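Undergrad: Per this note's numbering, the sequence shown runs over residues 5 to 373.
Hint data in this document are derived by calculation from the structure and do not stem from the laboratory. Predicted model only: the values in this text are computed from it and were never measured. Careful, some of the hints might be misleading.
Stated by the list, open to error - Each computed SDA-like pair below joins lysine to any residue, with the alpha-carbon atoms no more than 20 Å apart:
1) Lys302 <-> Lys230
2) Lys230 <-> Pro297
3) Lys317 <-> Gly292
4) Lys230 <-> Lys317
5) Lys302 <-> Glu342
6) Lys250 <-> Gly292
7) Lys365 <-> Pro320
Unchecked claim - Label-pair ranges, simulated between beta-carbon atoms:
8) Leu241 <-> Pro86: 42 to 52 Å
9) Thr225 <-> Glu342: 18 to 28 Å
10) Pro234 <-> Arg162: 12 to 22 Å
11) Glu73 <-> Glu342: 27 to 37 Å
12) Ala50 <-> Thr329: 14 to 24 Å
13) Pro86 <-> Lys365: 37 to 47 Å
14) Gly186 <-> Ala305: 33 to 43 Å
15) Gly100 <-> Leu238: 17 to 27 Å
16) Glu298 <-> Pro86: 37 to 47 Å
17) Asn89 <-> Ala322: 24 to 34 Å
18) Ala305 <-> Arg161: 17 to 27 Å
Glycine is no exception: its CB is placed at the ideal position from the N, C-alpha and C atoms.
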Amino acid sequence: ARAHSGSAMLGCSAHHRMVTVQNMHPFASSSRGIQYSRSRRSLTRAFPSFMPAVISEISDQAALQMASEMRRVPVHVPSLGPAANPLATCVTGPCGEEDLRAQGCGPTDPVLVLLHSFDSSSLEWRRLFPILQAQAGMPVVAVDCVGWGFTDHAAWRRIPSLPVSPAVKKEHLEAFRIQHLGGRLLVLAGTSLGGTLAADYALQFPNVVQKLILIAAQGFTEGVPKLPRPLAVLGVLVLKQIWLRKFANKEAYFNQAEFATDDAWRTGRLHTFLPGWLEANVAFTLSGGFNLPESRIKQIACPTLLVWGRQDKILPSALAEKWRTALGAHCSGLVWAEKSSHSPQLEEPQVVAAAIMQFLKQPQEHQAQ
Numbered sequence: 005a006r007a008h009s010g011s012a013m014l015g016c017s018a019h020h021r022m023v024t025v026q027n028m029h030p031f032a033s034s035s036r037g038i039q040y041s042r043s044r045r046s047l048t049r050a051f052p053s054f055m056p057a058v059i060s061e062i063s064d065q066a067a068l069q070m071a072s073e074m075r076r077v078p079v080h081v082p083s084l085g086p087a088a089n090p091l092a093t094c095v096t097g098p099c100g101e102e103d104l105r106a107q108g109c110g111p112t113d114p115v116l117v118l119l120h121s122f123d124s125s126s127l128e129w130r131r132l133f134p135i136l137q138a139q140a141g142m143p144v145v146a147v148d149c150v151g152w153g154f155t156d157h158a159a160w161r162r163i164p165s166l167p168v169s170p171a172v173k174k175e176h177l178e179a180f181r182i183q184h185l186g187g188r189l190l191v192l193a194g195t196s197l198g199g200t201l202a203a204d205y206a207l208q209f210p211n212v213v214q215k216l217i218l219i220a221a222q223g224f225t226e227g228v229p230k231l232p233r234p235l236a237v238l239g240v241l242v243l244k245q246i247w248l249r250k251f252a253n254k255e256a257y258f259n260q261a262e263f264a265t266d267d268a269w270r271t272g273r274l275h276t277f278l279p280g281w282l283e284a285n286v287a288f289t290l291s292g293g294f295n296l297p298e299s300r301i302k303q304i305a306c307p308t309l310l311v312w313g314r315q316d317k318i319l320p321s322a323l324a325e326k327w328r329t330a331l332g333a334h335c336s337g338l339v340w341a342e343k344s345s346h347s348p349q350l351e352e353p354q355v356v357a358a359a360i361m362q363f364l365k366q367p368q369e370h371q372a373q
């Protein structure tokens with residue numbers, strides 16, 4: 005639980021704003037239901053209608069910019085049935101054939117897809133995302149995983165028994181790739197439990213993932229015992245508590261004075277105000293979680309870059325070495341963010357970006373660092 009919650013809060017500080025909210029359809033991606041104005045800088049931003057009004061408590065410009073660029077697209081996930089389909093999936097970045105071709109991405113070119121961590125959202129990428137957009141040389145897309153982030157959870161509020169298992173998360177990602185990325189190959193990046201999902205997906209779809217980027221990724225797990233629903237509900241409710249968010253916020257950063265701010269945990273908690281957040285997270289808890297033991301990690305066959313915070317308190321550096329050993333020749337490098345804890349993409353985005361750029365330029369090399 006400590007590892008999960010630590011990567012769920014990432015963030016920003018607070019000023020008074022004027023906010024208006026409209027009730028709109030989940031797919032009203034081009035509509036903006038929140039108008040935000042800051043008296044100090046006369047800055048106005050429009051946010052998608054699904055964004056919770058408590059975004060008014062956040063002032064981190066990177067978070068606000070990324071939130072304003074988010075939209076939802078319909079994704080049909082067969083196992084969810086008619087109750088949840090099409091699933092209004094939150095994405096940031098180019099999506100659809102027209103967008104991809106506008107960025108010079110042909111049908112055989114890869115797309116860099118970013119997966120956030122447990123009970124988090126794509127706002128976790130807010131400092132790294134614009135750097136990658138400018139430097140990656142390929143489209144960069146951040147996806148909010150089913151059951152987490154700003155992807156619509158309303159169906160789970162109506163039908164709490166709908167699944168949100170690791171299998172469903174992989175199915176959702178694959179459906180998104182086919183339906184909105186034209187079936188293109190992926191360079192897949194994930195942080196913390198998002199890295200677990202990325203690795204698990206790469207094992208199931210080895211011909212799809214061209215390269216893998218794991219940032220402080222969880223692994224060597226065999227799921228968790230299933231809890232009775234009442235205990236699962238209590239456990240998920242704790243995730244929304246401010247005291248836990250503040251604690252995990254401090255654990256996630258090395259430079260706490262600069263990064264472990266009230267704005268940070270508010271950003272990490274923003275998605276929890278969506279309808280159905282509780283029920284969707286309970287459903288994931290009841291699924292038993294990810295099964296990614298060492299025997300499966302050794303089967304990963306694509307070039308894989310590891311990035312780790314040298315000061316990580318949640319998943320210590322010994323785990324990074326364990327990943328490198330298990331990956332063997334398929335490990336293309338282990339890059340240390342020396343002044344980061346569990347969130348190097350937020351504390352040292354330039355370091356992480358430089359490591360990714362070097363990795364992208366050397367597709368066939370597997371040299372450990």
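Undergrad: Against each hint, give a clear statement of whether it holds in the structure.
TA: Hint by hint, here is what the structure shows:
Simply put, Lys302 and Lys230 have alpha-carbon atoms about 26 Å apart, too far for the 20 Å limit, and the pair is violated. The hinted pair formed by Lys230 and Pro297 meets the criterion: a straight-line CA distance of about 18 Å does not exceed 20 Å. With a C-alpha separation of about 24 Å, the suggested pairing of Lys317 with Gly292 is violated against the 20 Å cut-off. Among the hinted pairs, Lys230 with Lys317 is inconsistent with the structure: their alpha-carbon atoms are about 26 Å apart, more than 20 Å.
For a cut-off of 20 Å, the pair hint linking Lys302 to Glu342 is broken: about 27 Å separates their Cα positions. Distance hint between Lys250 and Gly292 is unfulfilled; the C-alpha atoms sit about 26 Å from each other, more than 20 Å. Our distance criterion of 20 Å between C-alpha atoms is broken by Lys365 and Pro320, whose separation comes to about 28 Å. In this structure, Leu241 and Pro86 break the distance hint of 42 to 52 Å, their C-beta atoms being roughly 29 Å apart.
The hint said 18 to 28 Å for the Cβ distance between Thr225 and Glu342, and at roughly 27 Å that hint holds. One distance hint, 12 to 22 Å for the beta-carbon pair Pro234 and Arg162, holds here, with the actual separation near 20 Å. Look at Glu73 against Glu342: about 31 Å separates their beta carbons, and that is inside 27 to 37 Å. Checked against the hint of 14 to 24 Å, the C-beta distance between Ala50 and Thr329 comes to roughly 48 Å, which is inconsistent with it.
A hinted range of 37 to 47 Å for the beta carbons of Pro86 and Lys365 is consistent with their spacing of about 45 Å. For the pair Gly186 and Ala305, the beta carbons lie near 24 Å from each other, so the given range of 33 to 43 Å is not met. Taking the beta carbon of each, Gly100 and Leu238 are about 41 Å apart, not inside 17 to 27 Å as hinted. Under the hint 37 to 47 Å, the C-beta atoms of Glu298 and Pro86, about 40 Å apart, fit the expected range.
With their beta carbons about 43 Å apart, Asn89 and Ala322 fall outside the hinted range of 24 to 34 Å. With their beta carbons about 40 Å apart, Ala305 and Arg161 fall outside the hinted range of 17 to 27 Å.
Violated hints for the displayed structure, listed by number in ascending order: 1, 3, 4, 5, 6, 7, 8, 12, 14, 15, 17 and 18.
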